[in-house]
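Participant: The residues making up each chain are set out below.
Number of protein chains: 2
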Amino acid sequence: MISIAIHGGAGVILRENLSPEKETAYIHALTETVRTAYAALENGASALDAVELAVKLMEDSPLFNAGRGSVYNAEGKHEMDAAIMSGSDLSAGAVALVNRVKNPVSLARAVMEKSNHVFLAGAGAEEFAVKAGIELANKDYFHDEFRFQQWQKINGTNAAKLDHDVSLNEKKFGTVGAVALDTSGNLAAATSTGGMTNKLQGRIGDSPLIGAGTYANNQTCAVSCTGHGELFIKHVVAYDVHCLMYYKGMSLAEACNYVVNQKLTEAKAEGGLIAVDRFGNVALYFNTPGMYRAMKTPSEEYTAIFK
Amino acid sequence: MISIAIHGGAGVILRENLSPEKETAYIHALTETVRTAYAALENGASALDAVELAVKLMEDSPLFNAGRGSVYNAEGKHEMDAAIMSGSDLSAGAVALVNRVKNPVSLARAVMEKSNHVFLAGAGAEEFAVKAGIELANKDYFHDEFRFQQWQKINGTNAAKLDHDVSLNEKKFGTVGAVALDTSGNLAAATSTGGMTNKLQGRIGDSPLIGAGTYANNQTCAVSCTGHGELFIKHVVAYDVHCLMYYKGMSLAEACNYVVNQKLTEAKAEGGLIAVDRFGNVALYFNTPGMYRAMKTPSEEYTAIFK
Numbered sequence: 001m002i003s004i005a006i007h008g009g010a011g012v013i014l015r016e017n018l019s020p021e022k023e024t025a026y027i028h029a030l031t032e033t034v035r036t037a038y039a040a041l042e043n044g045a046s047a048l049d050a051v052e053l054a055v056k057l058m059e060d061s062p063l064f065n066a067g068r069g070s071v072y073n074a075e076g077k078h079e080m081d082a083a084i085m086s087g088s089d090l091s092a093g094a095v096a097l098v099n100r101v102k103n104p105v106s107l108a109r110a111v112m113e114k115s116n117h118v119f120l121a122g123a124g125a126e127e128f129a130v131k132a133g134i135e136l137a138n139k140d141y142f143h144d145e146f147r148f149q150q151w152q153k154i155n156g157t158n159a160a161k162l163d164h165d166v167s168l169n170e171k172k173f174g175t176v177g178a179v180a181l182d183t184s185g186n187l188a189a190a191t192s193t194g195g196m197t198n199k200l201q202g203r204i205g206d207s208p209l210i211g212a213g214t215y216a217n218n219q220t221c222a223v224s225c226t227g228h229g230e231l232f233i234k235h236v237v238a239y240d241v242h243c244l245m246y247y248k249g250m251s252l253a254e255a256c257n258y259v260v261n262q263k264l265t266e267a268k269a270e271g272g273l274i275a276v277d278r279f280g281n282v283a284l285y286f287n288t289p290g291m292y293r294a295m296k297t298p299s300e301e302y303t304a305i306f307k
Numbered sequence: 001m002i003s004i005a006i007h008g009g010a011g012v013i014l015r016e017n018l019s020p021e022k023e024t025a026y027i028h029a030l031t032e033t034v035r036t037a038y039a040a041l042e043n044g045a046s047a048l049d050a051v052e053l054a055v056k057l058m059e060d061s062p063l064f065n066a067g068r069g070s071v072y073n074a075e076g077k078h079e080m081d082a083a084i085m086s087g088s089d090l091s092a093g094a095v096a097l098v099n100r101v102k103n104p105v106s107l108a109r110a111v112m113e114k115s116n117h118v119f120l121a122g123a124g125a126e127e128f129a130v131k132a133g134i135e136l137a138n139k140d141y142f143h144d145e146f147r148f149q150q151w152q153k154i155n156g157t158n159a160a161k162l163d164h165d166v167s168l169n170e171k172k173f174g175t176v177g178a179v180a181l182d183t184s185g186n187l188a189a190a191t192s193t194g195g196m197t198n199k200l201q202g203r204i205g206d207s208p209l210i211g212a213g214t215y216a217n218n219q220t221c222a223v224s225c226t227g228h229g230e231l232f233i234k235h236v237v238a239y240d241v242h243c244l245m246y247y248k249g250m251s252l253a254e255a256c257n258y259v260v261n262q263k264l265t266e267a268k269a270e271g272g273l274i275a276v277d278r279f280g281n282v283a284l285y286f287n288t289p290g291m292y293r294a295m296k297t298p299s300e301e302y303t304a305i306f307k
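Taken in order, these protein sequences are the chains called A and B. The first sequence begins at 1 in our numbering and counts up one residue at a time. The second sequence begins at 1 in our numbering and counts up one residue at a time.
Because the hints were derived from the structure by calculation, they are not lab data. Check the hints yourself; a few may be wrong.
The list cannot tell twin chains apart, which means a pair is met if one copy fits it or any two copies do.
Derived lysine to any residue pairs resembling SDA-like cross-links, with alpha carbons at most 25 Å apart [claimed, not checked]:
1) Lys-248 / Asn-261
2) Lys-131 / Glu-254
3) Lys-139 / Tyr-258
4) Lys-268 / Met-112
5) Lys-248 / Leu-231
6) Lys-77 / Arg-100
7) Lys-268 / Ala-25
8) Lys-77 / Ile-154
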């Protein structure tokens with residue numbers, strides 16, 4: 001059994017603001033990404049390789065708020081975060097506040113495999129990227145006129161916005177992630193984000209935090225979250241799904257449903273998560289009107305934006 | 001019922017390397033800190049105020065690897081991390097990689113109370129400190145000849161050391177933390193650290209990560225950890241104690257004992273934690289030869305270093 005699921009962010013996606021052309025572009029990007037990563041799994045790629053590949057493909061797309069499509073912070077700069085975790089041995093890597101790394105998820109993986117640390121941030125993370133031979137990109141690569149207008153619209157206010165909150169005619173959404181089960185029975189999760197438009201410089205959300213936005217453990221599941229990062233941190237969301245399965249004996253669907261539709265909804269924490277368990281079951285839960293998502297198993301393929 | 005516990009780091013403290021004078025100094029500092037914070041609780045201070053106060057006192061002491069006594073990273077700089085969390089509403093604040101903030105725990109509290117974010121790092125965190133009126137300190141304040149020699153001894157090697165691993169005649173230990181229960185039944189936890197000697201620039205450990213090194217929830221307990229940060233991150237240690245109590249129905253002692261002496265020991269993750277539950281019970285667990293620690297309740301006062 002192999003299985004993969006991806007997300008490209010959750011939020012208040014208004015159908016009237018998503019042109020048919022945009023919707024088609026998102027559906028196409030999500031479907032192509034999940035198919036490519038699934039094919040890799042079929043060819044024997046590890047879950048770790050598959051989630052890194054899927055996240056890289058979305059980081060490289062300007063459609064998603066991660067890597068190339070990252071939003072602007074309050075200083076008009078990009079600050080990207082990412083994490084990756086292997087369920088087989090709990091090894092993990094994470095980076096935060098990098099601005100010239102083409103694929104933050106690959107830097108997170110290098111931190112995991114080539115350093116003694118789990119989490120590197122800022123200039124130190126970029127120095128490590130150079131030493132580890134990670135591909136860099138210049139400012140122009142990350143510049144996107146839509147993102148820049150988004151930022152200009154709220155710059156000077158105190159508002160930090162999930163990018164879907166910015167009232168422009170077209171809206172884009174934050175965070176990408178992937179979870180997978182490979183032919184060896186190993187689980188993995190990865191998450192990457194460009195953060196919140198106009199966020200304070202130095203703000204770190206849940207995405208790169210092991211246990212909050214990203215978690216994988218072969219005994220239970222792999223999880224990647226998207227949503228209001230501050231609230232997801234306080235609720236240690238990804239690890240909570242694991243604990244409900246491991247300590248309470250819930251199924252993947254029960255645990256995800258409880259966390260998203262009960263705990264997070266009661267806490268007014270908007271967002272969602274994707275997860276896969278060790279049997280290959282997939283869960284795609286969100287308490288917002290939409291979540292960019294796709295999944296593929298030997299018996300099912302599915303791509304959707306709205307509920 | 002009120003209750004407070006503090007730690008000043010866990011590790012391989014060798015009795016032969018701790019002079020009687022040093023041992024007396026540690027015992028005195030720990031006892032004074034726990035008594036001062038306890039007295040504040042008696043006078044109606046919140047658990048949040050008490051843990052901030054206790055951590056500040058230890059940050060101000062050159063004896064502990066936090067604030068003033070922080071170790072040097074691989075670049076010969078100080079990089080400090082801290083977090084604080086309130087069990088009553090899960091509000092939390094955390095900072096990482098700050099180098100000119102006198103009391104990182106107070107900056108963490110300001111992030112919690114005066115920003116829309118939970119976690120700020122690096123230059124952005126320091127900019128916020130200035131705006132929030134947090135006291136800064138210059139490089140001289142953080143300079144300590146012992147710490148500098150510690151760093152010089154392993155600089156140029158790839159080794160990042162918990163400060164107790166540095167083979168000097170006198171050894172000091174990383175991380176400080178506090179947990180408390182106040183008269184209103186609210187729990188709080190705080191942790192602060194100067195990191196690992198010669199760590200890569202930008203490395204973030206478990207201390208400032210909500211759920212890993214620091215967690216508080218009125219439904220169960222407040223926890224502050226100390227130990228090998230990378231492994232504590234992977235095991236989401238502080239939140240794990242909560243989950244074992246909340247989902248499995250374990251007592252505070254059962255949960256802490258299981259996490260420290262079973263899970264962490266099996267994972268070769270050296271360290272310990274302090275915790276207090278909503279009934280005021282205190283737990284001080286570590287799988288190393290020693291942990292600088294103290295606790296005080298209406299019926300008990302205790303300070304110790306070794307097992």
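Participant: Take the hints in turn and mark each one as holding or not.
Facilitator: Quick rundown of the hints versus the structure:
When the C-alpha separation of Lys-248 and Asn-261 is checked against a cutoff of 25 Å, the pair qualifies both within a copy, at 17 Å, and between copies, at 22 Å. Taking CA atoms no more than 25 Å apart as the test, Lys-131 paired with Glu-254 passes in neither setting, with 44 Å inside one copy and 44 Å between copies. With identical chains, the CA atoms of Lys-139 and Tyr-258 are never at most 25 Å apart, being 41 Å at best within one copy and 49 Å at best between copies. For the identical chains of this complex, Lys-268 and Met-112 are inter-copy neighbours only, at 18 Å across copies versus 33 Å inside a copy, given an alpha-carbon limit of 25 Å.
Within a single copy, Lys-248 and Leu-231 get their C-alpha atoms as close as 23 Å, and across copies as close as 24 Å, so both meet the 25 Å cut-off. Taking CA atoms no more than 25 Å apart as the test, Lys-77 paired with Arg-100 passes in both settings, with 11 Å inside one copy and 23 Å between copies. In this assembly of identical chains, Lys-268 and Ala-25 lie within 25 Å of each other by CA distance neither inside one copy nor across copies; the values are 30 Å within and 48 Å between. For the homomeric pair Lys-77 and Ile-154, the shortest alpha-carbon distance inside one copy (14 Å) is at most 25 Å, but the shortest distance between copies (36 Å) is not.
Consistency with the previously given hints fails for numbers 2, 3 and 7, ordered from lowest to highest.
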